[in-house]
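Residue numbers (the numbering used here), protein chains in the order written: chain A, 99 to 436; chain B, 99 to 436.
Hints are not guaranteed to be accurate.
Copies of the same chain look alike in the list, so a pair counts if it works inside one copy or between any two.
Claimed, not checked - With a straight-line cut-off of 20 Å between C-alpha atoms, the simulated EDC-like cross-links for lysine to aspartate or glutamate are: (1) Lys149 <-> Glu211; (2) Lys203 <-> Asp146; (3) Lys371 <-> Asp310; (4) Lys263 <-> Glu160.
Bear in mind the hints are in silico, worked out from the structure with no lab data behind them.
Residues per chain, in single letters:
Number of protein chains: 2
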Amino acid sequence: MGKVILTGDRPTGPLHLGHYVGSLKARAEMQHTHTQYVMVADAQALTDHAKEPEKVRKNITEVCLDYLGVGLDPDVSTLFIQSQIPELFELTAYYLNLVTWNRLKHNPTVKQEIVQKGFGDAVPAGFMVYPVSQAADITAFKADLVPVGEDQRPMIEQTNEIVDKFNNTYHTGVLVRCEAHIPKMARLPGIDGQAKMSKTLGNAIYLSDDPDTIAKKVKKMYTDPGHIRVEDPGKIEGNMVFTYLDLFGTDIQKIEELKAHYQKGGLGDMVCKKYLIDVMLAFLEPIQIKRAEYTPEDAWDILQKGSEKARMRAAATLSEVKAAMGINYSILTTQNSG
Amino acid sequence: MGKVILTGDRPTGPLHLGHYVGSLKARAEMQHTHTQYVMVADAQALTDHAKEPEKVRKNITEVCLDYLGVGLDPDVSTLFIQSQIPELFELTAYYLNLVTWNRLKHNPTVKQEIVQKGFGDAVPAGFMVYPVSQAADITAFKADLVPVGEDQRPMIEQTNEIVDKFNNTYHTGVLVRCEAHIPKMARLPGIDGQAKMSKTLGNAIYLSDDPDTIAKKVKKMYTDPGHIRVEDPGKIEGNMVFTYLDLFGTDIQKIEELKAHYQKGGLGDMVCKKYLIDVMLAFLEPIQIKRAEYTPEDAWDILQKGSEKARMRAAATLSEVKAAMGINYSILTTQNSG
Numbered sequence: 099m100g101k102v103i104l105t106g107d108r109p110t111g112p113l114h115l116g117h118y119v120g121s122l123k124a125r126a127e128m129q130h131t132h133t134q135y136v137m138v139a140d141a142q143a144l145t146d147h148a149k150e151p152e153k154v155r156k157n158i159t160e161v162c163l164d165y166l167g168v169g170l171d172p173d174v175s176t177l178f179i180q181s182q183i184p185e186l187f188e189l190t191a192y193y194l195n196l197v198t199w200n201r202l203k204h205n206p207t208v209k210q211e212i213v214q215k216g217f218g219d220a221v222p223a224g225f226m227v228y229p230v231s232q233a234a235d236i237t238a239f240k241a242d243l244v245p246v247g248e249d250q251r252p253m254i255e256q257t258n259e260i261v262d263k264f265n266n267t268y269h270t271g272v273l274v275r276c277e278a279h280i281p282k283m284a285r286l287p288g289i290d291g292q293a294k295m296s297k298t299l300g301n302a303i304y305l306s307d308d309p310d311t312i313a314k315k316v317k318k319m320y321t322d323p324g325h326i327r328v329e330d331p332g333k334i335e336g337n338m339v340f341t342y343l344d345l346f347g348t349d350i351q352k353i354e355e356l357k358a359h360y361q362k363g364g365l366g367d368m369v370c371k372k373y374l375i376d377v378m379l380a381f382l383e384p385i386q387i388k389r390a391e392y393t394p395e396d397a398w399d400i401l402q403k404g405s406e407k408a409r410m411r412a413a414a415t416l417s418e419v420k421a422a423m424g425i426n427y428s429i430l431t432t433q434n435s436g
Numbered sequence: 099m100g101k102v103i104l105t106g107d108r109p110t111g112p113l114h115l116g117h118y119v120g121s122l123k124a125r126a127e128m129q130h131t132h133t134q135y136v137m138v139a140d141a142q143a144l145t146d147h148a149k150e151p152e153k154v155r156k157n158i159t160e161v162c163l164d165y166l167g168v169g170l171d172p173d174v175s176t177l178f179i180q181s182q183i184p185e186l187f188e189l190t191a192y193y194l195n196l197v198t199w200n201r202l203k204h205n206p207t208v209k210q211e212i213v214q215k216g217f218g219d220a221v222p223a224g225f226m227v228y229p230v231s232q233a234a235d236i237t238a239f240k241a242d243l244v245p246v247g248e249d250q251r252p253m254i255e256q257t258n259e260i261v262d263k264f265n266n267t268y269h270t271g272v273l274v275r276c277e278a279h280i281p282k283m284a285r286l287p288g289i290d291g292q293a294k295m296s297k298t299l300g301n302a303i304y305l306s307d308d309p310d311t312i313a314k315k316v317k318k319m320y321t322d323p324g325h326i327r328v329e330d331p332g333k334i335e336g337n338m339v340f341t342y343l344d345l346f347g348t349d350i351q352k353i354e355e356l357k358a359h360y361q362k363g364g365l366g367d368m369v370c371k372k373y374l375i376d377v378m379l380a381f382l383e384p385i386q387i388k389r390a391e392y393t394p395e396d397a398w399d400i401l402q403k404g405s406e407k408a409r410m411r412a413a414a415t416l417s418e419v420k421a422a423m424g425i426n427y428s429i430l431t432t433q434n435s436g
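Take the sequences, apply the hints, and build the full model.
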């Protein structure tokens, strides 16, 4: 089955088009050529949502239904919940001894997120150490391919540092190095034109948005602020309507015609937006139909089965890790008394 | 059974007289009036001995045999190995989200130990977070009494902060506050006269030292550097021979006579040391006889049974913790589909 992929999402909200473009699409394709583990990272979500476990819990179902909607096949991909794999916590504890406090402080991704999240001086310790927890996630499944955005590269470096340190310290080859898989189109801009679609920025279209919400969001989409009168020529660069049409439309000829007309002048934003609404509804309809085939109970059932399977894999790795460290006492004692 | 005690030791070497005076003696007494959990803290030992798991593993047996030697009764006290209780790692992960990185940086005990251990800039992250791991150990068993030295008080404060933060955040009373139990005689000075007997300082008499080693160590004990000729008057304050005679001798009258004679002059160090050798051998003999009743295999067996019992207790607490956080999904799903 080729390489092993570990991927996943923090269940702090339903998934949006940014997730689709950045990773879900690739996952649905790659699941047929790779061994793919897809983790709902609830424990990681709690590192900066400790006060909102209920929100995390609710979104586990939403995220799983989103996965199913975009075509992740639970018979092919292993969909599981991070906190259901206690082995990951134990691996994290052992890896924490192989990483210095200073190294964690200087993780560029974490530093940036601390600013973004406005933690100030109150950064939760769990948040500071989450790169080590990610290393546990990745290595537990011996993943050698991890789809991440460009800004997450330092996480892969941190994981590989731990892999090397562990293998060197315990004279073993148990842990496997991984490489980042950076998607071609890493980031979908938000409907407001900001570089990244994100829940926090409030500029997202969710996979589960109903048609009215989608229409409303498209109508307030950022276009060309200089395009004031219909007869004015308009810009298509940085104009979200055309960015989205390029990504989600299928009638390339029609889109090219609209672009030419818009640039020449005489084409109003609302006409383009109405067409984009049709395009988005057509794009999201099959996802939502598929999503609706499953109940929340189905989602829990799938996650529970997946978690059992994932746990067996992680337990096997933990067992190898402890053997390499020479702290697999139960086996040692059996050997002693045997 | 009165209060619940959690206590234990890092298995980085066999236990010495300092451990006996500071805590083992009290444990042997308190086990009959309290519910006592005694933890061999191997995972904690690995936070600063990541490169020496073999040393940690070997000393698990030594420490357990020392426990048995001083009279810890495995039918009364629960003797267990920290790493055999995976629930402790999971609790640690959740607690890490309730403590700030800055708070950990300012733990006075940890700051002092960082200097002592000469980590420099390379403090392992696992070492920095070990106070949170200790909070997991203590709260997992709902211990309300924790025997610690005066220098470990900040650890108890850290645990209680986590208890309060958890209970407030999740509107629960699941976690139990604890108090420090500071022994009357917290510290036995080393044979070299330094304030603390410690393996690192190389000034310890081990519970398992053989008679020759004990004699050798007593002979080089720090006495009164001003007491040069036998006929000179000698000081007994700060003189280790008399400190130890006071603590381990039983013939109080004889000891008082020796003290008076030494202070007056005319009593040589070697005479006193020879008597102390007899006293120490008499003190350690029953401990070593009892210790020798058990094989290393017996020790593993006891620790395994104790770990099973401890694990059930910790699992019950983790289950309550997850219920309080609302992340006990397996139960939730059962209820959903029920």
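Here is what the structure says about each hint:
1. Lys149 <-> Glu211: Answer is within; shortest intra-copy Cα gap is 18 Å, inter-copy 32 Å.
2. Lys203 <-> Asp146: Both ways: lysine 203 and aspartate 146 sit 16 Å apart in one copy and 19 Å across, limit 20 Å.
3. Lys371 <-> Asp310: This pair counts as within: shortest intra-copy Cα distance 14 Å, inter-copy 93 Å.
4. Lys263 <-> Glu160: neither (38 Å within a copy, 29 Å between copies)
Checked against the numbered hints given earlier, the structure breaks only hint 4 and satisfies all the rest.
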